[in-house]
Amino acid sequence: MPEFTKPYESRWQAFLLLLPTFAVLIAFLYYPGVETFRLSLQQTILLGTRKTFVGLDNYVSLFTSSAYHWSFAISVAFAAVVVIGTLAASLFVAYLLFQVDVGSSTYLIAAIWPYALPTAVAASVLLFLLHPSLGIITFVLESLTGTSLEWFTNGPQAFAIVALVAIWKQLGYNIIFMVAALNNIPETLTESAKLDGVGHLKMLYRVYVPLMSPTLVFLVVMNTIYAFFQTFPLVDLMTSGGPNEATNLLIFKLYRDAFEFSNLGLASAESVVLFAIVAILMYVQLRLSESYTTYA
Amino acid sequence: MATSSTSESTLARLLPEDVDAEQAVIHGGLVLSIFLMGLPLLLALIMSTQNTTEVYQVTNVGIGSEGLSNYGTVLGEYNFGQYMINSVVMSIIIVVGKVTLSLFAALALVYYRFPYERAVFMFILLTLLLPVPVRIVPLFDLMARLGWGNTLMAITGPYIASATAVFLFRQHFMAIPASLVENAHLDGVGPLTFLWKVLIPMSKGMIAGVSVITFIYAWNQYLWPLIIMTDQSKQVVQVGLRFLQAASQSGLTRWGIIMAGAVIALLPPLAVLIVLHKPLLETLAIQQK
Chain A
1 MPEFTKPYES
11 RWQAFLLLLP
21 TFAVLIAFLY
31 YPGVETFRLS
41 LQQTILLGTR
51 KTFVGLDNYV
61 SLFTSSAYHW
71 SFAISVAFAA
81 VVVIGTLAAS
91 LFVAYLLFQV
101 DVGSSTYLIA
111 AIWPYALPTA
121 VAASVLLFLL
131 HPSLGIITFV
141 LESLTGTSLE
151 WFTNGPQAFA
161 IVALVAIWKQ
171 LGYNIIFMVA
181 ALNNIPETLT
191 ESAKLDGVGH
201 LKMLYRVYVP
211 LMSPTLVFLV
221 VMNTIYAFFQ
231 TFPLVDLMTS
241 GGPNEATNLL
251 IFKLYRDAFE
261 FSNLGLASAE
271 SVVLFAIVAI
281 LMYVQLRLSE
291 SYTTYA
Chain B
1 MATSSTSEST
11 LARLLPEDVD
21 AEQAVIHGGL
31 VLSIFLMGLP
41 LLLALIMSTQ
51 NTTEVYQVTN
61 VGIGSEGLSN
71 YGTVLGEYNF
81 GQYMINSVVM
91 SIIIVVGKVT
101 LSLFAALALV
111 YYRFPYERAV
121 FMFILLTLLL
131 PVPVRIVPLF
141 DLMARLGWGN
151 TLMAITGPYI
161 ASATAVFLFR
171 QHFMAIPASL
181 VENAHLDGVG
191 PLTFLWKVLI
201 PMSKGMIAGV
211 SVITFIYAWN
221 QYLWPLIIMT
231 DQSKQVVQVG
241 LRFLQAASQS
251 GLTRWGIIMA
261 GAVIALLPPL
271 AVLIVLHKPL
281 LETLAIQQK
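These protein sequences, in sequence, are chains A and B.
Quick note: the first sequence uses the working numbering, first residue 1, plus one each step.
Quick note: the second sequence uses the working numbering, first residue 1, plus one each step.
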């Protein structure tokens, strides 16, 4: 922070300027956030008219429920697939964008547009194009590979399809950050490595990826949060959690437990677990970015 | 001597071609990647012109007989005109509200001396730990108690304050030269005039960037509107896509209509991204820090 004397002293003016932000954050973020913890210790019966304190019962039923174990496990697996898939595909495109000699700004816009792609639009479009009996992409894939795509009834296939759509939507965001990181690498480094005759792939893994690592860590965290929190429309529109619970991600299970089965105490406990996940991820991001800045 | 000059000229002859070949591969790779990324949209555009019979002929990927009439049907008969208006109003309120509130908060954080500055900033930043799913049940309860169900307040209120926007404006203000600020103060300029006449003109790019990020984010909202808006006529366009899945004609799903709806629901954020990509990229570059 640059050292300069702050021009304004009035405390009540500062208070007034901060008040709207604070009012919204307290009313709609902190208050419900704290309430989630309180509700998670209660059981709601008779359509929410009566609440009783049940201690950690909701957590006990979560941690002993095989359905929840399953949902947790596939959510972690889903996040892993989405993170790795997104990073690999984006790195490929970003590296090409970095190396191209002419037209890079036109290519850039054409490559980052999925940043603007709403998740529900991505889901609707690919639900149709990958439809087991009507989808043109399904038809082409089946003719090329000789396998049959039956993801309305085949769990692992459904999981893969939903992950694929999740990756597609997330490419733009990742490419934006990767291209920026690549352009920040000092040109002298690139030149000297080129003189040594290092090949493209080797350059990528030996030189660029290590230098991009702060950005890559940031993207791992953001993509993981995305995979856990922003993928609800995909499951809701494409699979409704099926077949055989194969895509019943935590976020979808939470929605159902809360708003279909009105199990508010249990759903709040599920929210607390999601809070723990986001808190751990943010902490990791903070610690790692701190360690990078001390290096620099 | 002769050999070396031959090899040199061979090298000179080979090098440009070599570089061109390499660039050709890179261009080829880019065109292919971009084509694959855009292919689902291209197909959706084509299918949005087909009638149900044509859609059910799987290998038919020609322009259909409906032309643009599916768009008219989805906007009118399936109420997408109304949903689009609802989404536009919601997104604009969120953008304007968030930018205004965050500019005020950043002004206080950077240019005011007050106790516990650091704690106040942390209090704002920590809300990053509270995405909607973490507080969804109590937030729903709260809206019910306030009587805000099915109102614009319910889908905009919780979004108009933001840690990210405050953080970005704060970073930007801190980078503004101190001399400029001191001059302003020597002239006896009040804080709101200072914000309006000095800070905002110097922050146009950043304001545009935050607006794009916020608009795209707001437009993409799905889960919260789905829960809190039970009156279908007040719903946003993303959830409108959910209603469309039930659209059928003699038992056949009307995919042409659904594709038209999907294209419509994509256009506003896509247009915003294309027009304002420059400030967006500059703003995101700061966000990561």
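The set of hints was computed from the structure by calculation and includes no laboratory data.
Check before you lean on any hint, since a few could be wrong.
With a Cα cut of at most 20 Å, we get these calculated EDC-like pairs of lysine to aspartate or glutamate [to be verified]: (1) A:K6 <-> B:D20; (2) A:K51 <-> A:E260; (3) A:K51 <-> B:D20; (4) B:K197 <-> B:D187; (5) A:K194 <-> B:D20; (6) B:K197 <-> B:E182.
Here's how the hints hold up against the structure:
no.	hint	in the structure
1	A:K6 <-> B:D20	violated, 56 Å
2	A:K51 <-> A:E260	holds, 18 Å
3	A:K51 <-> B:D20	violated, 72 Å
4	B:K197 <-> B:D187	holds, 13 Å
5	A:K194 <-> B:D20	holds, 16 Å
6	B:K197 <-> B:E182	holds, 14 Å
In summary, the numbered hints that this structure violates are 1 and 3.
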